[in-house]
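Engineer: Generate the whole structure from the sequences, applying the supplied hints.
Chains as they are written, first to last, in the working numbering: chain A, 2 to 347; chain B, 134 to 424; chain C, 262 to 835.
Please note that a few of the clues may not be correct.
To be verified - Derived DEER-like restraints, expressed as beta-carbon distance ranges:
id	chain 1	residue 1	chain 2	residue 2	range
1	C	592	B	228	24 to 30 Å
2	A	56	C	530	31 to 37 Å
3	A	283	B	232	48 to 54 Å
4	A	56	C	345	56 to 62 Å
5	C	661	A	154	30 to 36 Å
6	B	246	A	154	41 to 47 Å
7	A	328	B	232	24 to 30 Å
Stated by the list, open to error - BS3-like, lysine-lysine: derived pairs with alpha carbons at most 27 Å apart:
id	chain 1	residue 1	chain 2	residue 2
8	A	330	B	149
9	A	67	C	560
10	A	146	C	589
11	A	295	B	337
12	B	222	C	589
13	A	146	C	410
14	C	593	A	67
Said to hold, decoys possible - According to the in silico footprint, chain A covers these stretches of chain C (three or more CB under 8 Å from chain A):
id	region
15	303 to 309
16	371 to 379
17	401 to 410
18	504 to 510
19	688 to 700
20	749 to 761
What the hints contain is simulated information worked out from the structure, not anything from laboratory work. Where is the CB? At the ideal position from N, CA and C, for every residue including glycine.
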Amino acid sequence: MVSGANQITEGGIDARRLGQEESGDSSPARLASLGEGDTVRVRLQRFDPTRDEAPYTESYEVPYSKLMRVLDVLNYIAEDLEEDLAYRWYCGVKKCGACAVRVNGREVLSCWEAAEPDMVIEPLRHAPVIRDTVVDRAPHEERIKRMSPWLERAEPYPGFPERLSHRDMGGVVHALNCLSCMCCTSACPVLDLGADTDFAGPAPLVQFAQQALDPRDAMDRGRIALDEGSVFDCVSCYRCEEACPVGIPVVSAIIEPLKAMAYRSMPARAGHVGAFLDVIEGRGRIDPSALVLKTQGWGVLLRSPGRTLRLLVRGKIDPLKTFFGDAAKGIAEVRRLFDGTRDWKP
Amino acid sequence: MKFAYYPGCSAQSTCKELNVSTRLVADRLGLELVELESAACTGSREVRAANRDLFLALNARIMAQAEELGLPLMTICNTCTLNFFDAKKMLADDPEACARVNEMLGETGLAYKGNVEVSHFLWVLLEEIGAERLRELVVRPLRGLKVGAFYGCHMVRPPAHFGFVESRNVRSIETLNEILGCDSVDYSGRVECCGFHTAAGNEKIAVKLTGRHVRSARDGGAQALVTPCPLCHTVLDTFQAEMERDLEARLDMPILHLPQLVGLALGLSPRDLGMDNHMVAVDLPVGAPVV
Amino acid sequence: MKTMAEEVVIVGGGGAGTYAALRLKELGYDPLVVCKGLIGKSGCSIFAGNLVLSGHMLGTTDAQSEATMEYFTKWWNNFLIDQDYLVKGGSWIEETFYPELDEAGLYFRRDDQGDIVASVGSVRNIAANQQGQSGMLLMDRRRKQFAEKNIRSLEETSVTALLTGSGGEVIGVVALHYPTGERYAITAKAVVLATGHSDRLSTRSTGTREQSADGIALAARAYAEMCNLEIQWWHASDFAYPKTWDRMHVYPNPLVGSTESARMYNADGELFFEQKTDAPVGLAPYATQFKRVGEQVAKGKARLDGGYTTSYAHIPPEVVKEYNYHAKAFEKVGLDVGSDHVESAVSWHCRQGGVHCDPHTMETSVAGLYVAGGIGGHSNGGIGVVSFDGNIVAETIAAKDVSAWAQPELPADQAEAEDGRLAGLLRPVPEGGVTPMRIKNKLRQLMWDKMGFEKTEPGMSEALEVVRSLRQQAEAGMGLKNTTPNFNYGWVDAIDAFNMIDVCELTILSALNRKESRGPFYRTDYPYTDNENWHARNILIPTPDGGVEFRVEPYATPYLEPEFERRDYFDVPW
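Structural biologist: Shown next as structure tokens:
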């Protein structure tokens with residue numbers, strides 16, 4: 002059972018953040034959760050696929066040291082306790098992105114995140130485990146490579162320094178912060194679906210966006226976002242943004258602009274986007290039946306007639322409204338907004 | 134207490150019962166809802182991606198309508214809520230875009246100023262009505278009822294708006310459940326994605342993503358899931374048969390809109406609250422109201 | 262053991278190694294890069310915070326241009342540099358380095374009007390997006406150029422030995438891919454060591470995990486001459502806590518987008534160093550800072566491992582946050598970059614010296630063996646300079662037309678012996694034995710204690726004895742808690758431990774031979790900078806009997822003369 006919070010006091014609660022205080026869900030609270038003389042208790046997932054049948058857990062106790070990071074805990078186990086442990090890190094200061102693990106189910110860059118009193122440490126998800134917390138980065142790198150991660154210019158390079166403003170760079174600046182740590186890819190639920198999706202996952206898409214959103218680039222990135230990224234399989238759940246250790250707005254600054262490029266490059270391959278726009282322009286509001294008919298065609302009704310009938314009976318779909326219904330009030334004003342923004346370019 | 138009310142598209146088509154139950158509950162609570170009748174769609178996810186200016190214009194128009202009434206804006210859909218939040222932030226950060234949008238709105242006599250407060254019905258219940266008043270109004274405490282919260286994504290993430298380091302720490306629906314007298318069930322799907330936003334093109338992702346969470350709720354003893362979002366409801370309820378086929382297991386999990394659960398506790402009847410309109414039958418062991 | 266036959270093998274995937282590979286590719290070669298970490302994600306190149314403007318770039322004036330030369334010669338290399346090399350490097354950086362990166366898409370930070378944002382002062386610098394991010398983004402670009410140009414690499418592969426021919430020339434390498442335990446014997450017509458200048462040889466160190474001075478150890482075993490190994494640079498304003506942030510720098514350099522630089526305060530809150538006023542030409546004033554911290558330590562107002570602070574509090578926080586990548590580090594540990602000071606400490610940073618080479622060809626004293634970048638004993642690094650080295654070494658190899666040479670034959674006996682040595686290191690800890698980590702920890706503590714700011718003759722001699730006893734201990738009974746060949750970093754530690762032992766020994770021997778104090782190198786028994794005798798290369802020559810010999814070679818001064826013959830160490834500003 003999940004406890005109901007009792008923190009409501011009359012006058013001035015912030016319902017959006019209910020639960021935050023009681024769970025110590027903030028950077029200051031986490032910093033304050035350990036102090037001198039404390040012990041950090043770690044349960045670490047161990048697994049050597051060449052020797053073990055299944056992952057198992059080992060426990061360690063580590064004395065707290067000032068401002069301790071998760072990596073300090075791992076280093077203590079390997080360097081001070083001299084225990085065997087496969088873990089990867091290079092820089093130790095949020096530059097290389099190699100040390101990401103999951104702590105209590107959450108993706109963190111271990112050099113960056115504060116240690117917690119009790120930690121279950123596991124490898125990232127959606128990547129093959131080499132040993133213990135070390136994952137194989139090769140599939141991720143291969144995916145990036147397939148998306149041509151270099152600039153292709155329409156015009157010859159004009160010489161140094163090239164004319165370019167910070168404002169021109171727009172969302173690229175967010176993408177440049179990417180450490181390729183794969184935290185977001187580990188957190189992405191779509192990648193749980195395995196062979197049911199060809200979604201590249203957020204991490205390769207952010208790397209791809211470094212070129213795709215660059216104003217100097219002239220390659221047809223929309224096509225690549227579709228062919229190599231399956232970008233419309235992103236469900237917009239924002240797990241990636243929650244996981245990103247450098248705070249990249251992955252959905253809004255990276256994936257949505259890539260979706261826009263994909264739609265503009267190959268509108269037929271992004272049929273549902275056009276359908277949404279058409280339905281809203283036509284009616285002001287979304288009529289899901291009209292939308293589904295537009296994107297999936299009439300065959301959708303026949304694919305599962307029983308379901309169509311139940312939807313009708315429960316009032317979930319309304320053919321009269323779909324075919325003969327009026328547009329929402331104010332539709333003329335809404336269409337004016339469509340007309341006024343038709344020239345917008347990403 | 135008075136709000137400009139934005140029901141959104143789903144509550145006026147596939148989830149009419151959400152609109153109906155919101156109005157009934159608001160009435161019981163003494164909330165006056167002034168519906169923005171000529172408001173259009175906030176753009177779902179697709180318009181945001183395809184045309185940023187259009188997205189800003191659609192949202193600014195609705196927010197300007199609320200500003201004109203001088204009322205805070207109340208939503209009942211997660212995605213609409215986040216769209217308003219994002220549009221508000223983008224318009225504040227980009228004065229040029231804001232000016233372009235206002236030029237268009239000006240033609241119809243509207244002006245977006247950016248001072249509108251946007252709140253979801255869930256937050257209105259907890260912040261404006263308050264626990265104490267809600268407890269007084271509960272005439273049918275939902276004792277023994279085991280409910281799982283399905284928050285959806287857009288009221289708990291991205292962290293830039295909601296401030297959680299980990300969205301799983303959110304407790305607003307569980308807080309409400311406790312006020313209404315029911316038990317909250319922990320399960321895998323509390324703050325997970327229903328996949329709605331890929332479903333128009335291909336429902337497989339939604340079915341696969343969500344089925345496992347409904348099963349987890351069932352395994353955890355939940356008798357119903359409650360959600361503050363009609364889009365989550367659409368997937369959880371309308372696609373549940375597909376999830377059962379995919380998982381080769383019975384789920385039989387009733388999915389309640391948030392105001393339906395509140396309405397039950399306030400003594401309204403399941404039929405009045407539109408529970409007959411669901412694809413998965415709702416037959417909950419709740420007693421008669423106690424006056 | 263897999264065998265491969267290559268024309269050119271480049272050991273190291275940092276700024277020098279990657280540029281050498283790109284340039285060789287351009288010149289028609291197909292080099293193989295062997296990188297102990299991940300290309301563009303390990304090593305010290307990702308730490309390059311600033312990109313120093315040379316020549317007359319972006320409106321740099323004559324005076325600033327001259328100051329840049331002075332900065333490189335005096336403040337950056339303490340005169341231990343071939344000045345002709347530096348002049349050539351400066352024009353290469355201006356004519357090739359910046360345009361090549363700009364064209365490849367590296368984003369030099371602009372303002373909204375489109376001008377590149379630079380620091381203000383005697384010597385100017387710019388940044389790729391943010392100060393502190395330059396090396397990361399530059400190296401990430403290199404990684405992507407490798408993908409674009411199909412440059413072959415073996416990553417997470419440690420080169421464990423050099424193969425040599427009958428005349429002592431280098432003809433290949435043996436390497437261990439530690440994620441799988443696979444071993445490689447690779448013959449090559451040219452081997453380029455580009456393993457960097459920053460190594461984790463001391464308790465607090467900026468070296469990344471994998472940096473254990475392998476290149477120096479490998480070259481020394483091939484009897485390559487070494488130069489100025491003892492001149493060890495330190496960071497003097499790194500975070501004192503948390504432990505892993507011993508390399509998190511509070512930049513003392515002029516801050517891009519501002520007229521200011523960080524300030525350092527002692528335990529009593531007294532300001533004791535600020536680049537802007539105390540070393541205006543010393544753009545990266547690490548050696549000077551280190552000297553000043555040393556003075557505070559002597560006064561009891563600081564410790565090498567903490568007890569003093571650094572701060573940006575006098576700079577508008579929005580400027581720091583806009584242009585400095587490390588501003589977020591303050592926030593992450595609950596500090597306000599706009600008002601708080603961060604407790605600081607010194608960290609072993611990089612060698613000024615390294616493998617002795619001709620800086621105009623990058624040839625070492627051993628045929629077939631080349632260097633590029635910070636491993637060379639010719640200059641302190643700096644990502645522009647090390648890229649220049651990559652250019653030189655590529656052109657040297659191409660000019661020799663190695664394509665036309667016969668492929669060396671694999672010396673099977675050497676390859677087998679090395680394979681056997683590696684297999685032998687993958688053994689359980691013997692009775693009474695130690696783990697390699699124990700050896701590493703002891704070495705690092707020893708170097709911290711005896712080779713820190715204040716070096717004494719007895720202290721160094723004692724350190725030498727301890728290093729030698731650690732070698733005996735490692736040879737007699739070192740083993741692992743787990744003998745899996747699968748991503749067994751303990752195995753890598755075992756290989757590293759022997760490399761570190763050798764390099765610590767050579768470093769101490771070099772330090773004992775330099776009888777003066779200079780830059781960050783301070784001996785209490787020779788507390789003066791002696792340009793008369795020691796404005797010179799301190800060349801160490803390994804001999805086949807396991808000993809060393811020395812040769813001292815003065816530097817020419819075609820452009821800039823040291824301004825004195827001999828002066829008290831603490832009176833020299835650089």
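Engineer: If a hint holds in the structure, say so; if it doesn't, say that too.
Structural biologist: Right, here's what the structure says about each hint:
no.: 1; hint: C:592 x B:228: 24 to 30 Å; verdict: holds, 27 Å
no.: 2; hint: A:56 x C:530: 31 to 37 Å; verdict: violated, 52 Å
no.: 3; hint: A:283 x B:232: 48 to 54 Å; verdict: violated, 28 Å
no.: 4; hint: A:56 x C:345: 56 to 62 Å; verdict: holds, 59 Å
no.: 5; hint: C:661 x A:154: 30 to 36 Å; verdict: holds, 34 Å
no.: 6; hint: B:246 x A:154: 41 to 47 Å; verdict: holds, 43 Å
no.: 7; hint: A:328 x B:232: 24 to 30 Å; verdict: holds, 28 Å
no.: 8; hint: A:330 x B:149; verdict: holds, 18 Å
no.: 9; hint: A:67 x C:560; verdict: holds, 26 Å
no.: 10; hint: A:146 x C:589; verdict: violated, 30 Å
no.: 11; hint: A:295 x B:337; verdict: holds, 18 Å
no.: 12; hint: B:222 x C:589; verdict: holds, 22 Å
no.: 13; hint: A:146 x C:410; verdict: holds, 11 Å
no.: 14; hint: C:593 x A:67; verdict: holds, 13 Å
no.: 15; hint: 303 to 309; verdict: holds (count 4)
no.: 16; hint: 371 to 379; verdict: holds (count 6)
no.: 17; hint: 401 to 410; verdict: holds (count 5)
no.: 18; hint: 504 to 510; verdict: holds (count 6)
no.: 19; hint: 688 to 700; verdict: holds (count 3)
no.: 20; hint: 749 to 761; verdict: holds (count 3)
Violated hints for the displayed structure, listed by number in ascending order: 2, 3 and 10.
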